[in-house]
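If you read the protein sequences in the order shown, they are chains A and B.
Going by the working numbering, the first sequence opens with residue 16, and the numbers climb by one from there.
Going by the working numbering, the second sequence opens with residue 228, and the numbers climb by one from there.
What the hints contain is simulated information worked out from the structure, not anything from laboratory work.
Treat the hints with care, as some may be off.
[Said to hold, decoys possible] Rough simulated footprint, nothing fancy, chain B against chain A, three-plus residues with beta-carbon under 8 Å:
id, segment
1, 45-57
2, 66-75
3, 86-99
Each residue gets a CB set at the ideal place from its N, CA and C atoms; glycine is no exception.
What follows is each chain in one-letter form.
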Amino acid sequence: ETGVTQSPTHLIKTRGQQVTLRCSSQSGHNTVSWYQQALGQGPQFIFQYYREEENGRGNFPPRFSGLQFPNYSSELNVNALELDDSALYLCASSPRSGGTSGGARNEQFFGPGTRLTVL
Amino acid sequence: RKEVEQDPGPFNVPEGATVAFNCTYSNSASQSFFWYRQDCRKEPKLLMSVYSSGNEDGRFTAQLNRASQYISLLIRDSKLSDSATYLCVVSQYSSASKIIFGSGTRLSIRP
């Protein structure tokens, strides 16, 4: 077990609704990344948070937003849900190297994911 | 063209065989490289980091070729438990972080 937890495990929403997914990072890890994984595909990088600020973002629209809290836990919010948002959402925590960069330098440890179905 | 490309497989090999995967990346500014494995309906798990000098962990060997922009994974004496999808990961972090997963290579080991 990685010590990274996510909630909820499964979620069913309808198109147009909003959803919040939660992630608790592994003890000692201060960086959290979020990914979307469609069936048969590799995880797609949504964004990364370090020190409560977004530290990098993939090709996802602004309706995908996030937060990181002082205890390094994180939330992913998705507004105006679309059918194509149905996927496994993974969060991963990693330790941060010193300096202003390096959030993507280190190994990541994944939570079990939240499976979102949009009807 | 995808930024990170992998042969999707499936690779179907007998137990005890040696199998190798390659993963190519397009951005020469890429800085960190990893291999993860993912079992069906589970989260990815780190297999190993990939260093310029190459690294080995038991039956697994990873190599990085920066000139040709690919990383490789070699599995020797394959076990039934090695059956999984293997994901390569390429990341940049000079300014903002950018982490790219390949689509994965499926490996099936048969008895």
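Comparing the hints with the structure gives:
{"no.": "1", "hint": "45-57", "verdict": "holds (count 5)"}
{"no.": "2", "hint": "66-75", "verdict": "holds (count 4)"}
{"no.": "3", "hint": "86-99", "verdict": "violated (count 0)"}
Hint 3 from the list above is the single one not met by this structure.
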